[in-house]
Each structure stands twice: as structure tokens, then as C-alpha cells.
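S.K.: Given next are the chains, with one letter for each unit.
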Amino acid sequence: MSAVSEQQATSPAEPRKGLSPRKKQRISRVIQYAVLVVILVVLVALADWKAIGESFFNLDVAGKGLPELFTVALRNTVIYTLSGFVLGFVVGLVLALMRLSSVAPYRWVSAIYIEIFRGLPMLLIFLMIGSLPLAFPGFELPGGVYGSAALGLGVVSAAYMAENFRAGIQAVPKGQLEAARSLGMPHMRAMVSIIIPQAIRIVLPPLTNQLVTLLKDSSLVLILGVTAAQVELAKFGNDESSTYANPTPILATGLTYLLITIPLGYVARRLEARQGAGR
Amino acid sequence: MSTVEIKNLHKSFGSLEVLRGIDFTVESGQVVCVIGPSGSGKSTLLRCVNLLEQPTSGTVVVDGVDLTDPDVDIDAARRHIGMVFQQFNLFPHLTVRRNVTIAQERVLKRSKGECDRVARENLEKVGLIEKIDAYPPQLSGGQQQRVAIARALAMNPSLMLFDEPTSALDPELVGDVLAVMRKLAEDGMTMLVVTHEMGFAREVADRVVFMDGGVIVEDGPPEQVIADPQHERTREFLRRVLHPGV
Ligand SMILES: Nc1ncnc2c1ncn2[C@@H]1O[C@H](COP(=O)(O)OP(=O)(O)OP(=O)(O)O)[C@@H](O)[C@H]1O
Ligand SMILES: [Mg+2]
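One line per chain: the protein sequences are S and H, in this order.
Per my numbering: the first sequence ends with 279, consecutive numbering throughout.
Per my numbering: the second sequence ends with 1246, consecutive numbering throughout.
Among the clues, some could well be false.
[Unchecked claim] With a straight-line cut-off of 30 Å between C-alpha atoms, the simulated DSS-like cross-links for lysine-lysine are:
1. S:K64 to H:K1007
2. H:K1125 to S:K174
3. S:K216 to H:K1125
4. S:K174 to H:K1007
5. S:K50 to H:K1109
[As the list claims (entries may be wrong)] Here chain S is said to cover these stretches of chain H; the calculated rule only asks that three of the stretch's residues, wherever they fall, bring their Cβ under 8 Å from a Cβ of chain S:
6. 1011 to 1017
7. 1088 to 1094
8. 1225 to 1231
Calculated directly from the structure, the hints in this document are not laboratory data.
Yeah, the Cβ is synthetic: ideal placement off N, Cα and C, and Gly gets one too.
Go ahead and model the full structure; you've got the sequences and the hints to work with.
M.R.: Structural data, given as C-alpha cells:
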């Protein structure tokens, strides 16, 4: 539309030749709704609802996965996730302290570690861990699949958490360390008792998000080759759906993930909002 | 005996020389107030006394221990030097009680019961025993500063350093903090106080030190330095502080 007609349209004194902006907006909205309705009608008319229901919402098949979906698969997913998180937390904290060390080689080692493990796909890490026995025949990680899963998830999340912790430690006001040191606390004691507890509070939201990421990434444990007792959600859903030649279990698995990830995401946002308000 | 003995103290930040040869002593039981314009190096001097800043050269002797000696255990030395900051620097994630007990417990290795007793005694002294289970952000600035004083006192310091302890406070809260400091002085505590509170300096200080440009310009009893300054720079500074806007 030309600038001239637009000007005319917005000028109420002139007799209108084009449409007013408000009218145009209304027409555009009507069109959008119309498109939506057409798509819905077409979907309803064309889709084979019976087939969809039997495939994706087949309660018989879903029922066969119970209670193992929760007692085995979810349980293992939670174990893999938490063990990876704990390892990542501890290693990440150490890496963050190294990153902030006054000893340069510590800083370098930490920086290199962080760059490497943030730059690699988690899948590749699991492939590497799975191939360790090829490189060192007879070699086995302590804890078997559980140990390998914790290692894979831990070494990668450590790199991310290290960056979170570093930012958190740097966000604690300098006066806190000075106050602690002025009371005679050695540097390490001041870090452990005064700085790190405050830093952890600050990084609680990103750590919660990190937990969500780990929960999803724990699905990669299937690369390691797991027994029926070690199966986690994704592989469980996949196995069940092959067994019954029906995709419902995969959908059920997805819902189970969401059961945890959505509340966790909510918690993270709440924590974030509370910190924002506290400033 | 002198508690603090500073000789030819220099401190530079990069090429900026902030302290340019400071000599002075604080006798045991004395209260010395340090005054001077912004940027004259008052905080830096104070922070050199407990080695929060590493002096570039010169010696700082506290209680007979030369803190600039590289072999000295600085953590051990700091236990006996209390410090109160302009911004209070209470530990916000810990209760008032924990703020006052944590260093006693971790540094002095006192028993839990002993820590608690000392905490109560010192909170009593600053008039805040009823806030013992509160968290610092729940307290007013004046209350936080008094807790900070109690926290320092709980370590049984032989010297207390104050860096503009009332500068961050609303005017109506200044009095409570100064009253605590006055009481402390009466009880014989050795104190080195950076302050703009001329009334406090005049009434409480045994000596007033005027600093400008990284050197001590004038050092003497308050009735001399404040009431009858010998140097033009001191007079000029006092004119501005005592009659702002004139
Ligand atoms: N860590 C530091 N790095 C670089 N320069 C610094 C540092 N600390 C202080 N300075 C500089 O040293 C000078 C003296 O600072 P200092 O804080 O001792 O002054 P002050 O007398 O306490 O001033 P004020 O009354 O504003 O507190 C200032 O120019 C300041 O910018
Ligand atoms: Mg200062």
C-alpha cells in the first residue's frame, strides 16, 4: 500500500478510500481463524481416528507396560540422572574453583576441560564410554552400566555446571570474602562456609535446568547396551512398542518424562523469579 | 605498649601510588580517628593493617607481630584484629547467631556451647539479643552494623578497625551504632576508625589523623587537629565537612 493512501486512511476528516487499520486487523484475524477451522475440518475428515486411537492411545497396550514403566524404567531414569547430576555437581564445583584459582595451570586445565566437554555431543561421549572395553580389553567401569551412565552424564554436565558455579561465585559480593578473611578464616574455609553456599543459591535455577537436560540425556544410556532390569524410559518405551507392534508405549514414556520435566521447569522459573524479586 | 606500629608504609595499585610513606602508632587502649577527603587512602591504610591489602613496602606491626613478614601466619594474626565495613558484609545466608558463631567455631575451635555464650554476650552488648534468630536482610542497616560489630568482638580482638561504619546508614540510625562504638571505647578497646563523624572524633578519639594524598598531614589530639588545625589543607577539609555547602 502506498504511503499516500495510508495517510488518507488514518485521517478521519477525509472520506475513506482504503480500510482503516483497525478494520484491516479485524479482517486479518477472521482469516486466521478461518484457516484454522479449515485445517481442523480437513484433519477430522481425513484422519483415521480409530486407527490413531488404537495406535497411540491403546489402553490395553499401555496397561501391559505397568507397573514396570514406573517401577523399572522411571526408577532407572531417575537413578542415572541423579548419579550423573551428583558427579557433575562435585566435579563442576572443583572445576569452577580451579577456573578461579590464582595458579595458572589449574585455570588452563579447567578451561580446556570445559571447552572440550561443552563442545561434544552427549551421544559421542556415550559411544566413547561404550568403546572403552575395546581399547582396554577386560576393563570395566565400577558399577557397570550404572557407573558408565553416571560417568557419561557427569563429565558433560560438570562442564556446564562449572560455568554456572563460576558465574555464581563471581556474583557473590567481594565484601563477603573480605569479611570472612578478616575473621581469620583461611581462603578455603571462607570459600566452603561463606562463598559457595551463597553461590549455590544463586545458581539454583540454572542447576535445575541442568537437571532437566540430564533427565532427557539419560535416554542415551541405551547406547551402552542395558539389561531388562537396567532399562530406562526411552528404551523401555521403544522395546514395549516393538513387542506389541504399537506406538502407545512411546507416547506413555513421553508423558512420563513430561511428568517430571514440566514441574522442574516450573520450579526453576519460580526460583528465578524469587531471585529477581530479592535483588 | 603500642598495638599498631606502622613504618614507612607505601601502597601502589599498578602505577597509582595511594599510600606514600605512612608512619604512625596506635597505643593500646587508644582510639584513633582517621579523617580526610575521598580518595586520600584512608580505606587502603586500614586494609593494610589486617593485610586485606598487601603493602608495597614498609612494615605493619600489630601486637608485636610484623604482618609484612612473609613467614607470618596471616590467618592467625587476623583473628585478633576485628574489622567493621561500611557495607556491613554480614553473611546473608546465615542467621545472626551463626554470623557471630561461625568463625569462633571454625577458626578458634571453641565448643558449641562456648560459641553460643559468647555470641549472646556480644549481641547483648550491641542491644540485639532479640534478633539472634533473624537473618541479616530482615534487619535495618543500623542493626546489621551492630551485629557486624558483635561478630568482630566475638573473636576477642585486641584491635578493632572501622571503615566508615556509619556512612551507609540513614541519619536516624547512625546514633545507635556510634553509641555502641562509644561504649566500646569506654571499655578500653583499641580502635582505629575511619569516619566523617566529626562529633564522634572530637568526643571519643584520643588522636585524630588527617590524611590527604596518601600522606598523613596532621596527627594529634582532637582539640588540636579539629579545633585548631595547623595546616591549610586540614582547615580547608574541615571547613567543607563541618559547614557543607558554604
Ligand atoms: N583495589 C584497587 N585497585 C585500584 N585502585 C584502588 C583500589 N583500591 C583503592 N584504589 C584507589 O586508591 C585510592 C584511595 O582509595 P581509598 O579507598 O583508600 O580512599 P578513601 O580515602 O578510603 O576514600 P573514601 O573516603 O572515598 O572511602 C583511590 O584513588 C582509589 O581509586
Ligand atoms: Mg574509604
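S.K.: Confirm or reject each hint.
M.R.: Here's how the hints hold up against the structure:
no. : hint              : verdict
1   : S:K64 to H:K1007  : violated, 85 Å
2   : H:K1125 to S:K174 : holds, 28 Å
3   : S:K216 to H:K1125 : violated, 56 Å
4   : S:K174 to H:K1007 : holds, 29 Å
5   : S:K50 to H:K1109  : violated, 74 Å
6   : 1011 to 1017      : violated (count 0)
7   : 1088 to 1094      : holds (count 5)
8   : 1225 to 1231      : violated (count 0)
Consistency with the previously given hints fails for numbers 1, 3, 5, 6 and 8, ordered from lowest to highest.
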